[in-house]
Amino acid sequence: MEALSYLKHFKEVAEHEIMHSGHVACPGCGAAIAMRLALKTLGRDTMLIIPACCWAVIDGPFPYSACSVPVYQTAFETASITAGAVRAGLDATGKKGINVVAWAGDGGTFDIGFGQLSACAERNDNIIYVCYDNEAYMNTGIQRSSATPWGAWTSTTPGSDYKKERKKNLLEIMAAHRIPYAASTTVAYPDDLVLKFRKAMSIEGFRLIHIFSPCPPGHKALEKNSILEARYAVESRVFPLYEVEDGTKYTLSMDPPTRPVADYLDLQGRFRHLNKKERSFIQQAVDEEWTRLMHRMRIDEAL
Amino acid sequence: MQKVLTGNEAAAWGAMCAQAQVISAYPITPQTTIIEELANLVANGMLDARFIKVESEHSAMAGCIGAQAAGARTFTATSSQGLALMHELLHWAALGRLPVVMADVNRAMAPGWSIWTDQNDSLAQRDTGWLHYYCESNQEVLDTVIQSYKVAETVDLPVMLVLDAFFLSHTYEAVHIPSQDETAKYLPPYKPSIYLDVKDPHAFGGIVQQDVYMEFRYKMQVAMNEALEVAEKADDDFREMFGRGYGLIEPYRLDDADYVLVTSGTVASTARVTVDDLREKGHSVGMLKIRMLRPFPFEKVRQILSGRKRVAVLDRNICVGMGGIFTQEIRNAMYHIPEDKRPSIYGYIVGLGGRDVSPEVIASIAEDVQKRAVADGEQVWIGLKE
Ligand SMILES: Cc1ncc(C[n+]2csc(CCOP(=O)(O)OP(=O)(O)O)c2C)c(N)n1
Ligand SMILES: [Mg+2]
Chain A
1 MEALSYLKHF KEVAEHEIMH SGHVACPGCG AAIAMRLALK TLGRDTMLII
51 PACCWAVIDG PFPYSACSVP VYQTAFETAS ITAGAVRAGL DATGKKGINV
101 VAWAGDGGTF DIGFGQLSAC AERNDNIIYV CYDNEAYMNT GIQRSSATPW
151 GAWTSTTPGS DYKKERKKNL LEIMAAHRIP YAASTTVAYP DDLVLKFRKA
201 MSIEGFRLIH IFSPCPPGHK ALEKNSILEA RYAVESRVFP LYEVEDGTKY
251 TLSMDPPTRP VADYLDLQGR FRHLNKKERS FIQQAVDEEW TRLMHRMRID
301 EAL
Chain B
304 MQKVLTGNEA AAWGAMCAQA QVISAYPITP QTTIIEELAN LVANGMLDAR
354 FIKVESEHSA MAGCIGAQAA GARTFTATSS QGLALMHELL HWAALGRLPV
404 VMADVNRAMA PGWSIWTDQN DSLAQRDTGW LHYYCESNQE VLDTVIQSYK
454 VAETVDLPVM LVLDAFFLSH TYEAVHIPSQ DETAKYLPPY KPSIYLDVKD
504 PHAFGGIVQQ DVYMEFRYKM QVAMNEALEV AEKADDDFRE MFGRGYGLIE
554 PYRLDDADYV LVTSGTVAST ARVTVDDLRE KGHSVGMLKI RMLRPFPFEK
604 VRQILSGRKR VAVLDRNICV GMGGIFTQEI RNAMYHIPED KRPSIYGYIV
654 GLGGRDVSPE VIASIAEDVQ KRAVADGEQV WIGLKE
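Top line first, the protein sequences correspond to chains A and B. Just so it is clear: in the first sequence, position 165 is 165 by my numbering, and no numbers are missing. Just so it is clear: in the second sequence, position 110 is 413 by my numbering, and no numbers are missing.
Check the hints yourself; a few may be wrong.
Below are the SDA-like pairs computed for lysine to any residue, each with C-alpha atoms no more than 25 Å apart in a straight line [as the list claims (entries may be wrong)]:
hint, chain 1, residue 1, chain 2, residue 2
1, A, 168, B, 353
2, B, 688, A, 64
3, B, 688, A, 62
4, A, 220, A, 285
5, A, 168, B, 688
6, A, 276, A, 177
FYI, nobody ran anything at the bench for these hints, they're computed from the structure.
This is chain A alone, in the form it adopts within the complex (with noise of 0.2 Å):
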């Protein structure tokens, strides 16, 4: 597997500065970084729909948008039905060439949109889903969606009651509706996040990306290290960067050098109450799900 490059794709679209100062996302702030990068691949003939979630704010008050595209704000379970639709409204005035890209936190796409994301991915309406995880509902204060890994402190599971139950696997799931395009990514690759939205805006139909967002606040960790934060994630394999293709077509985006989860862990002080044993299970989990994912490659090379 090829070495992943940080920044040689990133300074093919460094040109384009298509999201502006003057939002108002937290310093640190992944989700805010995300953005920058996405627009930047999707140029400006691209509309973006917000449900409910930070970027609902960061994007600016009224009058304002930091974002120079079309944005709508639509309710917070409808991101993907809105944005579906508006695909339809585009189609059926003749209007071509356009990214319709639904910009959803992991409670919008997770848990209350979760509903329509399955029913947009069944239809394969042609749209770009992205759904940058911060892994709660940031927006109002740190509640645990179903996108929290296990362990994780927030406003809902506080003290002894932390999280208990796993992370859903998002990637996974919408494989499972074998959508033409499905992948993972985060802000400490610019180059991997740049390559996924071209490659899906190369594609028809129902295009995912997954992008992991530290959430300084929220993961309670300090804003300088929101880039490490992520990075540890995908080195540790507590994230890992693939793509699927139909469903079926796996392919690992970096084999990374495996560094143990605890490195990970101790960036946050929403994971700081835990103990030495349920740190290890935490390790423990990370490599089994890793061996998991190992396997479902080798399925599909061996068909």
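Dock chain B with the ligands against chain A, hints included.
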């Protein structure tokens, strides 16, 4: 025990006092700190409840319905968009005759997004068959949660109690908190007459044909009528036991008042101050606070308002194409009294999307209602920008 609590914490502690057994809830600003506080109370063992951390408000209400059908006392809380998403299940809980109790933190509807207070969210659910209380203080929030269970479980209808975003939800006041034992003397454990029980099997919610559907609805109406007396008694009993009560409506300095300001929620507090001030200046003005909107306390409202010169209704809501909703309610109540006793009713739209309803705003309304000879049926919008 006395503690300094926000309105939201008071709602959570109310559910704790009442020993809600199942909480099924979903976060939304400005309700979030209610469920965060409940998560804390459950985590630290102060409340022995199951907390279903659902994935939407639709499921939050469905969760209350399921748990209540199984025979448990339930609690939830929401706000604006979340309440709207619950709409189908609000009917379900009410027609299913399930005494669910819910706090709604009044918040304006989107788009554009607003997290600030107004009443359009709760009033859009006025016709779902729930009882509706509007609260003015944090103590009233806590006490109303407890009273709500008492009333709901007596008449088998769900109760929504409403508090203003931020003015109550995030504002601290000293609040008396009865212990769970004290509360249990007022509110005994929930004993449903009928629930899911393998020893006594019933089927709920099957198809109802034209021959009986109306009767189901009629029984709800009867229960609602009964709820007026039940709520009144629940408030009286509460006062006797805890030394605090609120009435279903509350007159303030109305004895000899020619002009009446009708308010609800925290606007009532501001209106008290304004009325005091106007009285000092010699105006014959008083205030009527509406605490219970459903069932609507027709008789009480009629008694208090009949014979007044003019009534100014302050609506922090707008039924677009009709006018303020409290105004419509008051007009409706006052139509059937003799003409010589019937006051003119003036409607005012104030404070939408959290715009401040200051003493000056209320004073300007009091001035307008005293000056303007004819209430022409049009709503007056206060403080509109050009
Ligand atoms: C129907 C409805 N319920 C709840 C809310 C409140 N709400 C707004 S954003 C949000 C959380 C969003 O979480 P996520 O999708 O993970 O995005 P993030 O804020 O983390 O970026 C919630 C609960 C809402 N706007 N609408
Ligand atoms: Mg999130």
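Okay, the hints, checked on the actual structure:
1. Restraint check for residue 168 of chain A and residue 353 of chain B: the C-alpha separation of about 22 Å stays at or below 25 Å, so the hint holds.
2. For the hint pairing residue 688 of chain B with residue 64 of chain A, the CA-to-CA distance comes to about 20 Å; that is within 25 Å, so the pair holds.
3. Pair hint residue 688 of chain B plus residue 62 of chain A holds up; C-alpha atoms about 16 Å apart against a cutoff of 25 Å.
4. Distance check on the hinted pair: residue 220 of chain A and residue 285 of chain A sit about 23 Å apart at the alpha-carbon level, within 25 Å; holds.
5. Taking the CA atoms of residue 168 of chain A and residue 688 of chain B, the gap is near 48 Å; set against the 25 Å cutoff, the hint is violated.
6. At most 25 Å may separate the alpha-carbon atoms for a hinted pair to count; residue 276 of chain A and residue 177 of chain A exceed this at roughly 38 Å.
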